[in-house]
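Colleague: Line by line, the protein sequences are chains A and B.
For the first sequence, the positions run 1 to 597 when the UniProt record's numbering is used.
For the second sequence, the positions run 1 to 597 when the UniProt record's numbering is used.
Just so you know, these hints were derived from the structure itself, not from any lab.
Remember, predicted model here, so these are calculated numbers, not experimental data.
Ideal placement from N, C-alpha and C gives every residue a C-beta, glycine not left out.
You may find that some hints are simply not true.
[Claimed, not checked] Here are the simulated lysine-lysine pairs, DSBU-like style, with alpha carbons at most 35 Å apart:
#1 A:477 x A:25
#2 B:318 x A:179
#3 B:224 x A:330
#4 B:318 x A:491
#5 A:318 x A:247
#6 A:224 x B:460
#7 A:330 x B:179
#8 B:460 x B:25
#9 A:318 x B:25
#10 A:460 x B:179
#11 A:25 x A:76
#12 A:224 x B:334
#13 A:477 x A:460
#14 A:318 x A:330
#15 A:494 x B:334
#16 B:224 x A:247
#17 B:83 x A:334
#18 B:25 x A:494
#19 A:330 x B:460
#20 B:247 x B:4
#21 B:491 x A:491
#22 A:152 x A:179
#23 B:318 x A:224
#24 B:179 x B:491
#25 A:318 x B:179
#26 B:76 x A:179
#27 A:179 x B:334
#28 A:334 x B:76
#29 A:76 x B:4
#30 B:318 x B:247
#31 A:334 x B:247
#32 B:330 x B:76
#33 B:25 x B:83
#34 B:330 x B:375
[As the list claims (entries may be wrong)] Away from chain B, derived, C-beta distances all over 10 Å, residues of chain A:
#35 80
#36 148
#37 169
#38 327
#39 571
2 protein chains.
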Amino acid sequence: MQYKAPLRDIKFVMHELLDSESHYKTIPEFEDTDRELMDSLFEMAASFAENELSPLNQSGDAEGCHFNNGEVTTPKGFKEAYKAFCELGFPALSAEEAFGGQNMPFSLSTVINEMVGTANWSFSMYPGLSHGAIQTIEHHGTDAQKNTYLEKMVTGEWSGTMCLTEAHAGSDLGIIRTKAEPNDDGSYNITGQKIFISAGEHDLTDNIIHIVLARLPGAPAGTKGISLFIVPKVMVNEDGSLGDRNKVVCGSIEHKMGIKASSTCVMNFDGAVGYLIGPENRGLQCMFTFMNVARIGTAVQGVTAAEYAFQGSLAYAKDRLAMRALSGVKAPDKVADPIIVHPAVRNMLLTQKAFAEGGRALMYYLSHFVDTVAKGNGAEQEFADQMLSLLTPIAKAFLTETGLEAANHGVQVYGGHGFISEWGMEQNVRDTRIACLYEGTTEIQALDLLGRKVLGSQGKLLANFVQVIEQFCEEHKDNDEMGQFIRPLIKHLKEWGDLTSRIGMQATENPEAVGGAAVDYLYFSGYVTLAYLWARMALVAQTAIAEGTTESAFYYAKIKTAQFYYAKLLPRTTTYVQRISTGVEPYMSMDVEQFAF
Amino acid sequence: MQYKAPLRDIKFVMHELLDSESHYKTIPEFEDTDRELMDSLFEMAASFAENELSPLNQSGDAEGCHFNNGEVTTPKGFKEAYKAFCELGFPALSAEEAFGGQNMPFSLSTVINEMVGTANWSFSMYPGLSHGAIQTIEHHGTDAQKNTYLEKMVTGEWSGTMCLTEAHAGSDLGIIRTKAEPNDDGSYNITGQKIFISAGEHDLTDNIIHIVLARLPGAPAGTKGISLFIVPKVMVNEDGSLGDRNKVVCGSIEHKMGIKASSTCVMNFDGAVGYLIGPENRGLQCMFTFMNVARIGTAVQGVTAAEYAFQGSLAYAKDRLAMRALSGVKAPDKVADPIIVHPAVRNMLLTQKAFAEGGRALMYYLSHFVDTVAKGNGAEQEFADQMLSLLTPIAKAFLTETGLEAANHGVQVYGGHGFISEWGMEQNVRDTRIACLYEGTTEIQALDLLGRKVLGSQGKLLANFVQVIEQFCEEHKDNDEMGQFIRPLIKHLKEWGDLTSRIGMQATENPEAVGGAAVDYLYFSGYVTLAYLWARMALVAQTAIAEGTTESAFYYAKIKTAQFYYAKLLPRTTTYVQRISTGVEPYMSMDVEQFAF
Chain A
1 MQYKAPLRDI KFVMHELLDS ESHYKTIPEF EDTDRELMDS LFEMAASFAE NELSPLNQSG
61 DAEGCHFNNG EVTTPKGFKE AYKAFCELGF PALSAEEAFG GQNMPFSLST VINEMVGTAN
121 WSFSMYPGLS HGAIQTIEHH GTDAQKNTYL EKMVTGEWSG TMCLTEAHAG SDLGIIRTKA
181 EPNDDGSYNI TGQKIFISAG EHDLTDNIIH IVLARLPGAP AGTKGISLFI VPKVMVNEDG
241 SLGDRNKVVC GSIEHKMGIK ASSTCVMNFD GAVGYLIGPE NRGLQCMFTF MNVARIGTAV
301 QGVTAAEYAF QGSLAYAKDR LAMRALSGVK APDKVADPII VHPAVRNMLL TQKAFAEGGR
361 ALMYYLSHFV DTVAKGNGAE QEFADQMLSL LTPIAKAFLT ETGLEAANHG VQVYGGHGFI
421 SEWGMEQNVR DTRIACLYEG TTEIQALDLL GRKVLGSQGK LLANFVQVIE QFCEEHKDND
481 EMGQFIRPLI KHLKEWGDLT SRIGMQATEN PEAVGGAAVD YLYFSGYVTL AYLWARMALV
541 AQTAIAEGTT ESAFYYAKIK TAQFYYAKLL PRTTTYVQRI STGVEPYMSM DVEQFAF
Chain B
1 MQYKAPLRDI KFVMHELLDS ESHYKTIPEF EDTDRELMDS LFEMAASFAE NELSPLNQSG
61 DAEGCHFNNG EVTTPKGFKE AYKAFCELGF PALSAEEAFG GQNMPFSLST VINEMVGTAN
121 WSFSMYPGLS HGAIQTIEHH GTDAQKNTYL EKMVTGEWSG TMCLTEAHAG SDLGIIRTKA
181 EPNDDGSYNI TGQKIFISAG EHDLTDNIIH IVLARLPGAP AGTKGISLFI VPKVMVNEDG
241 SLGDRNKVVC GSIEHKMGIK ASSTCVMNFD GAVGYLIGPE NRGLQCMFTF MNVARIGTAV
301 QGVTAAEYAF QGSLAYAKDR LAMRALSGVK APDKVADPII VHPAVRNMLL TQKAFAEGGR
361 ALMYYLSHFV DTVAKGNGAE QEFADQMLSL LTPIAKAFLT ETGLEAANHG VQVYGGHGFI
421 SEWGMEQNVR DTRIACLYEG TTEIQALDLL GRKVLGSQGK LLANFVQVIE QFCEEHKDND
481 EMGQFIRPLI KHLKEWGDLT SRIGMQATEN PEAVGGAAVD YLYFSGYVTL AYLWARMALV
541 AQTAIAEGTT ESAFYYAKIK TAQFYYAKLL PRTTTYVQRI STGVEPYMSM DVEQFAF
């Protein structure tokens, strides 16, 4: 499938919905980012994604990565595409200027990441993981460490990884075993095995800088005994030139369901030289910044899956002929009607559209808070941080799960052809399946949302967001055309509060109640959050139509998609409410031994 | 993953829930089928599935089929397994005795198909498709045709296919183009291309008998102009020996998402010799029997996906350690608790169990009606036929969709490991994805259910089944322990009737209303149908416990799974009811041109 960047909708969200230009003016470092600059950047990224990355997406999946004696070769064309990506300055957009970055707002790089990721998910993993390593060094590295690594990472000459997971320790990082033993020169010897390391080994760059979680001798057990280390693949000499090969080797790459052109590596550290970054035993705390940003990146991947599925499905639904419409022939000159006439097909298309465009709005909305957290100050910064705390787990879990749903609809719209590789729809399902797992599974996000964020803040974080939505409802309560959205929104806000109190009370009696309700609560929260953004988008569209737009098809489609969302997707909340009302007992009453077959 | 046949549950459903022995006694041809015979057959099939087929499941997926110049080679081990399968007499179980079959009840072969299919879905496609061809010839062939083909097909020496789909014609068979031109000797020359032909070419048998849909010269347009032909791969001489190669060749095999060890072929008929089977232009009618049985077979595949996922997830959930239970440490001697302590993991396991065991009960229940339709008579036969008409589209769509959900939970329980091929969970998702597409998509089943079966019978078919359930409720209304199931069941029965009337009325105003409601209606029907079977299973379990069973863990698990189903899965119906209440307008109001991005 040939990807086409949805520039009209991207601009709708950035300019019309979120007024990014005004947002950037509130942050001194970003005040020069005007609409013209944004649009030129979007168009450059769109062109690169469409022309360089999209053509490598299916071929990369078919070929996969090659492993040979510790070395990994990426699929045909990836090396050239990566070179072009670096030449366009994309790895450096949001990095600090001091090290060659362009210091652009995170919200802008989010737009570009969306286009890159939709065109070629696997490709996006290579710079994507680098980004995490760059951020870690920017935030926690010494000046010497920054000077040694950052510039070459920012230009893309070197890449980076995050080495967290071990075979027995995924979500539960507290039980990792990799050891760091101090050397006399202040460095450490790192020994252990890490798995699922994206871009752990590949042929795109001359060096790979691993950020590794490990335990110092005598470190406390659990999460409070983990430290962070920089472990370069190739040692870096004082003058910046490359030295000897470090003792870190890729043992194998995984055979997996999707993102096959992204190398997922087993990395063996066999007394590799590493350098402590950040304070001893505070490695997990140092990772938190990165983890939140990584979760936002993964949430965007959910949007890419929905967008990709929608584009593929739409083309097919307009083209493919089967059956006649129940209300009578629509295409009398053809042997059958195009399947877009059938309500069941429209249901799938509109679901994809509602998730893709709603998800885009949510992610860009969130990314503006990231800008403010990074470079704003005062009460605004604190508020943005709180909004992010609440909305990140919702976005990560809800958008990756709905992305998977949308991808599956993509297969379904194609009928039997959806199962065949050549159309790209089945690859989309395989690629996006990882997003509900990595960077914390849906279940982990749900516990984070309900346990840590909502109940952990005594409801404060939720109250912030509810107030934002209430204010929106209040402002537009006299707008007749908005009543269809505002009435259900107010009803659901009340329900959200009631649900939260009810679970809070259940939890005082039985701590498992939080675990029992968390996933349903997360979905409920996700549907209400997206309802808020769809109401806002409908308002923008109504205003444009009232003002006499020349693009009425675009704006009417927005309003009708909002109506579809409220009529057909928001009702899913009723099931989550009912499930929560039956409590945790139906999960816990069965003894472990009774689980059998 | 090593499959283990769930013999305890299979016997529970066959003997305790459905009392198959008594059922067989009502049909003269089957009256000798006693419990001993059944159990020995189940154990033989279990042993074969576990020891011969399961070990080839993941290797077959990894290797796939090989195509070379019109010939297809199946993966390593398939040929030997197929030979063993034939030697055990499995292809012949339900075929007629006159041609070497064992004339066993369809319900018995359903049990065996479940085991074969769970152990190795791809393998099961080869005999599975043969079965359809055998049935077609049994029902519609001349004596000469039966004599020529059936015996070798029944022994498995030859296999068969069903050649329906063309590239432009999937669900809409009315628009197929393959032509049949009469020859002077009464045979026909068949010309055209068929796609998605399972087992269209392979190396397991000496001959392949294709059943092909094609049009005679001057045949009416649409579904009323389609005839059925027998087209052997290799011509059969009068004495039964093999003659020349017929002009039907496999053009290529598909690269697809799953069931990779099953060859999915493009078949090119280039003036191939074919023989009319059944009356001219009545080909689709002749196919109906086969299609219903094929849909039941596919519904069973949904159960296999749920069962496979449950087995894999359960083993992992008991073994994998991560985090501590929210209510306190459960495994103090380990670094973390096994993940089965977490409610979110239990939710996934219980969902899998509820769909696997509930689906098994539904499929065996249905298969008993097939027995009666095939070999019973009078009012019972008519009633069974009506029940099958109603329940087949529900079972096909609902069980394949819930099978896919269960398979996805399988990946999720494993976390990141679920995405890796070696565990088998991702293959299960890829394999089972086809089941929602082939033999009529979920959307086609939904239209069949609501449009043809329920509304088309003026509600008669639904009333039959509702009466069966009402009678059950009435019989056990004084059983206190059954109230928890019977009360919600009665409520949902009433809702089912109300929904049906409401849609019927909407449809008189707008024919699209049927298409708009159909998929939601199907899911609603599926959840209520399974609720009935779970209530019945709970009753059997309660009785066994009351009578002092020695297997109380098994029976308590049944009751608790039923309770879980009613508390956590049946509430999904509320969303479907709400979606139906908002009508078809939200799907249809958007103009085709407004569908864009």
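Colleague: Which of the numbered hints are not met once you compare them with the structure shown?
Modeller: 4, 5, 6, 9, 10, 11, 15, 16, 17, 18, 20, 24, 26, 28, 29, 30, 32, 34, 37, 38, 39
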